[in-house]
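K.L.:
Please work from the sequences and hints to get the whole structure.
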Amino acid sequence: MNRYQQIKLAKQIGKWALIAVIMVYATFPFYYAVITSLKPSSELFQVDYWLSSVDFSNYAQIFAQKSFVQAIGNSILIAISVVAIALLLGITASYALGRVRFRGRTTVMLTILGVSMFPQVAVLSGLFEVIRSLNLYNNPGGLILSYTIFTLPFTVWVLTTFMRQLPMELEEAAIMDGATPWVTITKVFLPLMWPAMATTGLLAFIAAWNEFLFALTFTLTDDQRTVPVAIALISGGSQHELPWGPIMAASVTVTVPLVILVMIFQRRIVSGLTAGAVKG
Amino acid sequence: MASVTLNKINKVFGSTHIIKDLDLEVGNGEFVVFVGPSGCGKSTLLRLIAGLESITEGDLRIAGDLVNDLPPRERGVGMVFQSYALYPHMTVYENMAFGLKLAKTDKQSIEQRVMDTARILQLEELLHRKPKALSGGQRQRVAMGRAMAREPRILLFDEPLSNLDASLRVQMRNEIARLHHRLGSTMVYVTHDQVEAMTLADKIVVLRDGRIEQVGSPQTLYQQPATKFVAGFIGSPTMNFMPAELLGGDGQGCKIQAPGLGELVLPQDPGGEPSGAGLTLGVRPEHLRLAEAEGDNAFEIVNVEYLGNEVYVYLEPKASDTLLIHRSEAPSRWAIGQRVALVPELEHVHLFDGQDRALALAGQRRAA
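In order, the protein sequences belong to chains D and V.
Counting from 1, one number per residue, gives the positions in the first sequence under our numbering.
Counting from 1, one number per residue, gives the positions in the second sequence under our numbering.
Bear in mind the hints are in silico, worked out from the structure with no lab data behind them.
Quantities reported herein were computed from a predicted structural model and do not represent experimental measurements.
Accuracy of the hints is not assured; some may be wrong.
To be verified - Straight line, CA to CA, 25 Å or less: simulated DMTMM-like cross-link-like pairs of lysine to aspartate or glutamate:
#, chain 1, residue 1, chain 2, residue 2
1, V, Lys132, V, Asp106
2, V, Lys20, V, Glu263
3, D, Lys187, V, Asp106
4, D, Lys187, V, Glu175
5, V, Lys101, D, Glu169
6, D, Lys187, V, Glu53
7, D, Lys187, V, Glu74
8, V, Lys20, V, Asp353
9, V, Lys203, V, Glu175
10, V, Lys203, V, Asp193
11, V, Lys101, D, Glu172
12, V, Lys104, D, Glu241
P.N.:
Rendered as structure tokens:
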């Protein structure tokens, strides 16, 4: 083996070592959660890096709780509603912002972007008042409303960028064919915007699914809670016991759907996120 | 099929006045080509007719009806775009049927019309393909089919061939010409390519800075350009221009002097031009003859281009460095470095006055 080949080999080894470190760093917490969730509670505090036996009692325990199943249902309802509303409003707003020329368009865009920069806590008390006055306290509607507020700026921004790249002549062709703006959006633009919609929709879904602060503040009873709050409120047999097993099982249960969704849409996400980067 | 009448049309974008008091009549069944350099307003004019831009001032009539405020679909116009702008997610059939569907045509007549159009454009084999699976020429035909399927009264083309390669362009040009013969429909076509304009048009409209420079048949524009601009724009290689001085003249003709050509007696009526006025002499490359010569008036041959069937000879006058072009059939006996005298064919020489307007031949009225 000559010197050149040795250097090449060393570089290869170095590269893979680095990748391995990053992989471990990124996935270890999740891996450990999965392992913990599959242990019986008696073995919980032995530190194992490999699973010796698989025990589903933690899963059985959380799914036996009616309130947890209910929380999953709430989360699904809320997240899907947020995605649907955000995409509908996002598409129509992006048509106006991307295609219609009007005075103050840039100001509107910057305001939208500015809104998304506020920390959640800053608007919490104000939003609480809004939700109470709208009679949406302890109601999925309140969460849908507040999540949509935080999801829309991003959605509008990405979709507007995407919309601007669609060729002008395509819209003009539709106008020549007699299409109204609504028909142009739904029949011509929408089918071309799937990558961007999959990206923004998925990110909106994840944000709504994982949100904790609003969900804790704007709900009161078990039957209205979403999954992150429900997990946080899982309690053990006594005041002094933290039920790690069930908590991990619940966490894994609500994360796996997201991971699957991301895997399904990963190509789309990449093409959607880079859509603005290069012409082509 | 319909006529189009433009009456004192103006278009202003912000502070730019793009179309200025433009009058034009497009006859029923006519093939009219708008041609001009980029920025002359030819595309804007087409878009005004289509209804994609609003008219700032003036009347636009289609078949006699005022259509200024009608949306495109109610004007009965179809348009072919430069980039084709086909709907990428629809098949060829759906692309062509889209406008008909929106017009709430019943399913059977949609199919009938799409099939008829497809037959005319030889698209029958491609109806179930998506645009990405088509070649450039095929996409072009689909774009035309989409515009034609709704049976518009007027077909508009916005530089439809400029995205195609040279050989395909010639082929599609031919197809468009044949299509016009078959359908006999009114067509308005925008191009910056004077060859397309010459070969397709019944009537060419030369535009410059938002005004019409000249309207006429290809033959008229070639043989009797009204201005120096038209003379230089139409024809390839372009017309040779050189300064000339009017020595005198009357209703029968005039006498001029041009550097390198000496004194010439030409059939143009100098009109009101005084003796000594500066004119521009224009002569097309094929209307020059060369003869071997020496002396002050000789031109030097600086380049010879052999094109197979013809030869372009580039000549440099002694006094200036503006090259002149001579065109003749191959083979040519001329070589680089030779010195020659130029003899223009006097009946084909054009004269332009100080405002670059052509002087009329004696006994004819001066063109506007």
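K.L.:
Does each hint hold? Answer for all of them.
P.N.:
Each hint tested on the structure:
no.	hint	in the structure
1	V:Lys132 / V:Asp106	violated (28 Å)
2	V:Lys20 / V:Glu263	violated (41 Å)
3	D:Lys187 / V:Asp106	holds (19 Å)
4	D:Lys187 / V:Glu175	violated (31 Å)
5	V:Lys101 / D:Glu169	holds (20 Å)
6	D:Lys187 / V:Glu53	holds (23 Å)
7	D:Lys187 / V:Glu74	holds (20 Å)
8	V:Lys20 / V:Asp353	holds (24 Å)
9	V:Lys203 / V:Glu175	holds (18 Å)
10	V:Lys203 / V:Asp193	holds (15 Å)
11	V:Lys101 / D:Glu172	holds (17 Å)
12	V:Lys104 / D:Glu241	violated (69 Å)
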